[in-house]
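Start from the sequences, fold in the hints, and give me the full structure.
If you want the building blocks of each chain, they are given just below.
2 protein chains.
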Amino acid sequence: MKELYVIKIGGNILDDAGSLDKFLYELAKLPGYKILVHGGGKMATELSTKLNIETKMVEGRRITDEKTLKVTAMVYAGWINKTTVAKLQSYGCNAIGLSGADAMCVPAKKRPVTEVDFGFVGDILSKHINTAFFQNLLEFGITPVVAPITCDAKGQLLNTNADTIASTIAEALSEDYQTHLIYCFEQNGVLLNRSKADSMIERIDSFKYEILKSEKIIADGMIPKLDNAFKAREAGVKTVTIGHANNLLNIIKKQANAGTYIGN
Amino acid sequence: MKELYVIKIGGNILDDAGSLDKFLYELAKLPGYKILVHGGGKMATELSTKLNIETKMVEGRRITDEKTLKVTAMVYAGWINKTTVAKLQSYGCNAIGLSGADAMCVPAKKRPVTEVDFGFVGDILSKHINTAFFQNLLEFGITPVVAPITCDAKGQLLNTNADTIASTIAEALSEDYQTHLIYCFEQNGVLLNRSKADSMIERIDSFKYEILKSEKIIADGMIPKLDNAFKAREAGVKTVTIGHANNLLNIIKKQANAGTYIGN
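Residue numbers (the numbering used here), protein chains in the order written: chain U, 43 to 306; chain B, 43 to 306.
These are calculated hints, taken from the structure and not from any lab test.
The structure displayed is predicted, hence computed values, not measured ones.
The list treats identical chains as interchangeable, and a pair is accepted whether it falls inside one copy or across any two copies.
Here are the simulated SDA-like cross-link-like pairs (lysine to any residue), alpha carbons at most 20 Å apart as the crow flies:
| id | residue 1 | residue 2 |
| --- | --- | --- |
| 1 | Lys169 | Asn136 |
| 2 | Lys152 | Tyr133 |
| 3 | Lys109 | Glu88 |
| 4 | Lys151 | Gly134 |
Now the structure itself:
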């Protein structure tokens, strides 16, 4: 089977033009099949502030009312997605920007209201990822760049977690490709001590994960990211790694600074 | 040869939710190959105002500085493009949103500075339209929805005239399809008297066009639209029509309210 890299680039790197540029340059030069999924960064919060729209977060997730949805769709699917595509094109990588609504490649439904009403937030219909469409693009030599905006069957746009989009796409395509999922962000990997950049854990299996969680060494936003990572491994994704966006090629070549490897 | 409809939907209709909805519903139900190109509408100006960015127009065209470019990319390629795609999906039309940067489907270069510096405005490289990409999507049953944002070879995003994007795509694809170009806007067609909705001209050939221009009956923004229309006919586009967005099906069926037909 052919290899496919599904690479997610996270928030803080998107706000650092130099790091982002280096990352996109290396991504563009990476041969073979690849899909990039990007998050949002601070720009949506900044634009909301300028427009006097209050930003509400619960458990690190954005509550998305109608005005906030518009801001996130504009920033994620408009500005970040298209500047990323244009940059990749200039580096010789034939990229295409997508939201989940485009060709319904990542269909979703509005998250049900329970204790928290997240508003216009999407939960992905993971069994309905449009794998034929992604394959068609990849075989045509095109690199999809996916923004964290989806829609439901009624045509309602929904703000959607980029980590989950990346893992869900990787899972769905693992029947047809040897799929490698890489979460890139502003740290070298999962850290034993979050204030020490050199305390990276090289490998976490599910046993170690439970211990690190119980000791509260792994906490907060890292938990959903790792839950996604383990779920992806179980669903057939060949490798999952969490590492620094500056080290993309090291991660792929499994060299020094290759990030935290998820699994046995 | 198979028939292809390239339909451009203009500014004022985009600001009228009811008309837009009816138009998208009819477009979704239209069988066969189709490409939608949309303009910007008032939302970019409104957002600029809220963000204290001055809107400068010369000859009806927006001067695009860096801040204005960001606003137009967000509004056109983010909000309008994705809400349009999501709506079409909900009506059963498998749409995909594109800027010119995506798969470099509509490549451009920055307009040279002459008497006026339009800023980050794109002139389309008409010989380099990615026709293979459009054909691939169409044959895959997907309807492209194109926003008026392009980029140059250096990865610089550029604000680009939607009328010209529509005519250029129609021209480029007329070798492979019997191409019909339809400009939809908020009037029944080209009017003899702009204050009388029922004064529509049914047909304008190049001879009549020169007379109407010399009599200043056709003026302002209608001139570049009609210049595009005649150029498209000369370049092999089978039919070009200008009509009301509410009358899309009449225009296609050449029934009553079929708009103004361009050519002999």
